[in-house]
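Chemist: Start from the sequences and build out the full structure, keeping to the hints where you can.
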Amino acid sequence: MANHRVLVVEDDRYGSEVVMRMLNHRNIDVDTVNSAEQALKLLQENAYSMVISDLALPGMDGWGLLRAIRADPKLAPLPVVAITAFHDAKLALEAQEAGFRAYFSKPLYVTFVDEIERILSTL
Amino acid sequence: MDEAFYRALIEDTPTLLLVLDRYLRLVYANAAARALIGSPPAGDKSARDYLHPDDWPVLEERLRTLRDANSQVLLFFRLRQADGRWYAVDGSIVNKLHDERVRGFVIYAIALHGDRRPQQDLSASQRALLNNLPGMVYRCLNDDTWTTLYASDGIIQLLGYHPEEVTHNARLPFINLIHPDDRQQIWHETQIALREKRPYELLYRLITANGTEKWVWDTGRAVYDDGGKVVVLEGFVSDITAQKHMEQALRQSEAQNTALINALPDLLFRFDHNGIYLDVKPHPMLHTSVEHLLGKSVTDVLPAPVGEQVMRAIRRVAQHRQLEVFEYQLPIARSGLRDFEARIVAIDDQQMLCLVRDITERQQAEHALQDALFYIQRQYETSRAMIATSELTDLLAAFVGHLVESEHCHVWLLVMRPADGASPDHFEAIAQLAPHNSTITLPENGLPIPLDNTTTQQLLQSAPHQAIAVPDIDMPVGLLTPENIALVRQFGVRAFAVLPLKLHQRWVGLLLLAWPHPRALRPEDRQYFEALAPQFSTLLENRRLLARMETALSELQAANEKATEASRLKSAFLATMSHELRTPLNTIIGFTGIMLEGMAGEFDDTTRYMISAIYESGEHLLTIISDILDISRIEAGRLELVDAPFDLHKTVKSWKDRMSILAEKKGLRFDVEIDPVLPAAFCGDQSRITQIATNLLANAIKFTEAGSIRLAVHWHNTLLTIVVCDTGIGIPAHALAFIFDEFRQVDASSRRVHGGTGLGLSIVRRLCEAMGGSINVQSKVGEGSCFTATLPLKPCVDEK
Numbered sequence: 001m002a003n004h005r006v007l008v009v010e011d012d013r014y015g016s017e018v019v020m021r022m023l024n025h026r027n028i029d030v031d032t033v034n035s036a037e038q039a040l041k042l043l044q045e046n047a048y049s050m051v052i053s054d055l056a057l058p059g060m061d062g063w064g065l066l067r068a069i070r071a072d073p074k075l076a077p078l079p080v081v082a083i084t085a086f087h088d089a090k091l092a093l094e095a096q097e098a099g100f101r102a103y104f105s106k107p108l109y110v111t112f113v114d115e116i117e118r119i120l121s122t123l
Numbered sequence: 124m125d126e127a128f129y130r131a132l133i134e135d136t137p138t139l140l141l142v143l144d145r146y147l148r149l150v151y152a153n154a155a156a157r158a159l160i161g162s163p164p165a166g167d168k169s170a171r172d173y174l175h176p177d178d179w180p181v182l183e184e185r186l187r188t189l190r191d192a193n194s195q196v197l198l199f200f201r202l203r204q205a206d207g208r209w210y211a212v213d214g215s216i217v218n219k220l221h222d223e224r225v226r227g228f229v230i231y232a233i234a235l236h237g238d239r240r241p242q243q244d245l246s247a248s249q250r251a252l253l254n255n256l257p258g259m260v261y262r263c264l265n266d267d268t269w270t271t272l273y274a275s276d277g278i279i280q281l282l283g284y285h286p287e288e289v290t291h292n293a294r295l296p297f298i299n300l301i302h303p304d305d306r307q308q309i310w311h312e313t314q315i316a317l318r319e320k321r322p323y324e325l326l327y328r329l330i331t332a333n334g335t336e337k338w339v340w341d342t343g344r345a346v347y348d349d350g351g352k353v354v355v356l357e358g359f360v361s362d363i364t365a366q367k368h369m370e371q372a373l374r375q376s377e378a379q380n381t382a383l384i385n386a387l388p389d390l391l392f393r394f395d396h397n398g399i400y401l402d403v404k405p406h407p408m409l410h411t412s413v414e415h416l417l418g419k420s421v422t423d424v425l426p427a428p429v430g431e432q433v434m435r436a437i438r439r440v441a442q443h444r445q446l447e448v449f450e451y452q453l454p455i456a457r458s459g460l461r462d463f464e465a466r467i468v469a470i471d472d473q474q475m476l477c478l479v480r481d482i483t484e485r486q487q488a489e490h491a492l493q494d495a496l497f498y499i500q501r502q503y504e505t506s507r508a509m510i511a512t513s514e515l516t517d518l519l520a521a522f523v524g525h526l527v528e529s530e531h532c533h534v535w536l537l538v539m540r541p542a543d544g545a546s547p548d549h550f551e552a553i554a555q556l557a558p559h560n561s562t563i564t565l566p567e568n569g570l571p572i573p574l575d576n577t578t579t580q581q582l583l584q585s586a587p588h589q590a591i592a593v594p595d596i597d598m599p600v601g602l603l604t605p606e607n608i609a610l611v612r613q614f615g616v617r618a619f620a621v622l623p624l625k626l627h628q629r630w631v632g633l634l635l636l637a638w639p640h641p642r643a644l645r646p647e648d649r650q651y652f653e654a655l656a657p658q659f660s661t662l663l664e665n666r667r668l669l670a671r672m673e674t675a676l677s678e679l680q681a682a683n684e685k686a687t688e689a690s691r692l693k694s695a696f697l698a699t700m701s702h703e704l705r706t707p708l709n710t711i712i713g714f715t716g717i718m719l720e721g722m723a724g725e726f727d728d729t730t731r732y733m734i735s736a737i738y739e740s741g742e743h744l745l746t747i748i749s750d751i752l753d754i755s756r757i758e759a760g761r762l763e764l765v766d767a768p769f770d771l772h773k774t775v776k777s778w779k780d781r782m783s784i785l786a787e788k789k790g791l792r793f794d795v796e797i798d799p800v801l802p803a804a805f806c807g808d809q810s811r812i813t814q815i816a817t818n819l820l821a822n823a824i825k826f827t828e829a830g831s832i833r834l835a836v837h838w839h840n841t842l843l844t845i846v847v848c849d850t851g852i853g854i855p856a857h858a859l860a861f862i863f864d865e866f867r868q869v870d871a872s873s874r875r876v877h878g879g880t881g882l883g884l885s886i887v888r889r890l891c892e893a894m895g896g897s898i899n900v901q902s903k904v905g906e907g908s909c910f911t912a913t914l915p916l917k918p919c920v921d922e923k
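As you go down the protein sequences, you meet chains L and A in turn.
Going by the working numbering, the first sequence opens with residue 1, and the numbers climb by one from there.
Going by the working numbering, the second sequence opens with residue 124, and the numbers climb by one from there.
What the hints contain is simulated information worked out from the structure, not anything from laboratory work.
Derived BS3-like pairs: lysine-lysine, alpha-carbon spacing no greater than 25 angstroms straight-line: (1) A:K903 with A:K825; (2) A:K773 with A:K788; (3) A:K825 with A:K789; (4) A:K219 with A:K168; (5) A:K404 with A:K419; (6) L:K90 with A:K779; (7) L:K90 with A:K693; (8) A:K917 with A:K773; (9) A:K352 with A:K320; (10) A:K917 with L:K90; (11) L:K90 with A:K776; (12) L:K90 with A:K773; (13) A:K825 with A:K788; (14) A:K903 with A:K789; (15) A:K789 with A:K779.
Modeler: This is the structure:
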């Protein structure tokens, strides 16, 4: 699987690295930022296949980022995947309803990458 | 016979004979006439000088109209006697103007009080005249048969007899024609009239030829001789049978009317248009004689205002001829002031009838009824207002407001202080009503009546809801000490009343009424207070209880809110803690996972073992964190269940996929059994159902060293049954009671062998219960255990 570039938004440095390493191992390019504001800036500069974002972020949170992306006509079709350390079945449903393509609760297992690859393959 | 013969005859006849010429001058008077009026002067004296001035115009008029020769008129007139006195005569005047021998009017006159013998016969012309009269003219003797000398032809029509039949008793004496019952009566009446020398008027019955009765009216007079002895009777009989019948009928109806009038309880007056009493019916109610009233005016008899009122009514009736009804009051001796109702109605243009009835009893009854109605109405209105209103002041206004403005009454509602209801020593005003421009000044404590022990002790002894009134503090009843009376007077209070409000022998409060003027508690007020006081007390008590309940409720709510808030904070804290713990765990499990997957190069066995241990410990820690979070959520009642559609077949397959790996590791057989046909989608919390099933399965695998694990999933009639059986170590009977409690494991030491937080089964039970289901277990030590979770589950109704 080549030519996919994914933007990971995660304020926890190690958490960000876990995702990056898992995706890199499957030959997916990853850019990482630690805030939604930086993410929106990079999204304007580069073309990404997907955004993987933590829900709890300093400043604009993952929900806000999703709304900002959906509000921008150019970015609107971009798939956004949520990851969170909050473990709640209700939260998963809310994420789905809000428009996140997928929802993963931390800790992330290697099976997480399988799902990301599956989504990317449908694009 | 020669003229001298006639002349002598004329000259000497006792009949007065006068001759007037065409100029009505007296030209001849015979001896009889001359004896009366004196000798007339020669020829030129007017007859006028001999006649009464009142009679002259009539005579003159008659003579003027007497145009035909020999025509005749009968006339009554008075002649002037020589001595100046008047002499009444009945004259018959004949027109002889055209007779060459007379050329004038001849007057034959019979003296009515004269001293001449009456003529025995009537002239033919006189007879003709009389015969044409309706009724009968007669002349008869005053004897026991009324011997008839003359009867006019009228008798034919009147009685069916011919005049000849009765004249001179030819066939029938006249007495025989008179009704036997009346004979004596008319004889008697006639003789009295004759004795008094006046005309008579008789009413009696005659018998006709065919036997019927006729009522007649007989008017006549006697002709006397010089000695004053009756010579003949002359009179006129007219038929009044018809009138008599009418009169009889009238008399009958009059009798009925009289009976009716007498039966009337009313006073009956007849007034003329000026309010003069014309007639008064005697009546026991009339405290004055009838004679005293007659001829007087109502304004003279009745006291001024009433007299004027009656007079105004009389004037209105006179003007409009319409019935007037009005009421008035009149002081009556020995009865006091009485109420009367008068009805005045016009009889004709001149008079009116007035009926007066004593309506005092009726008025009293009406007033009593009105009072009773008013009382009931007031009670009803007050009761209704009491139910409708919740404001204490409004409540008070509904109860006693009617006294406030109308009587300048002050009202205080007092409650016990403290509100223990045990003794009425201390009161506290909680509501009050005062009239505008009040003259009662209030002391600092707000009460103008010192409710000290003397007062309150008396109240304590009083029956509940029995009002105690002091109509005038200057006439104390011992409710106040002399010092207090002075004090109360100083505040401007002259009268007061207290209404103790008790409920089931318990003091609720006190109603205090104070007036700036002496005022007795009227019986109706007392009745009203005592009727409504229990309601009022109940209302007050209910208010007090309600207030207490509301306080308790709000305290409870505050406590509950505080608890809820604490619980929410705890949950939020745990959620945050869970998040904070999971973040480093993500690094631990993430990186070790990457290393174990070989994404970060190869490691030797020892290193790999240690990485694996870190990974598994991370996993364990994660389970503990999840369980603690779940338990705390459930305990805080903040477990939120999701109601979303899911596929049960797929869900069970995911359990099998995950759990078969663990079972395989321990060499256990894993059998899964599920209904082949199920609804396409169920609605519920898929992840929580999964948690229940995987928890049970993990436990079963954990505690089973050999044999098999069996999962059976059935759905029937809205109930999902998940059965997890193992061939493990089993649970001792004593432990079955607590295995679903938190932090309890069968053997505390087993935690070290089997791990786990001791929260797993507790979470399973609580999740089952939260979903409205249940869980139970059957187990035998050494043989295995069987857990059965029963959960309500409904297929999704496709909204699209």
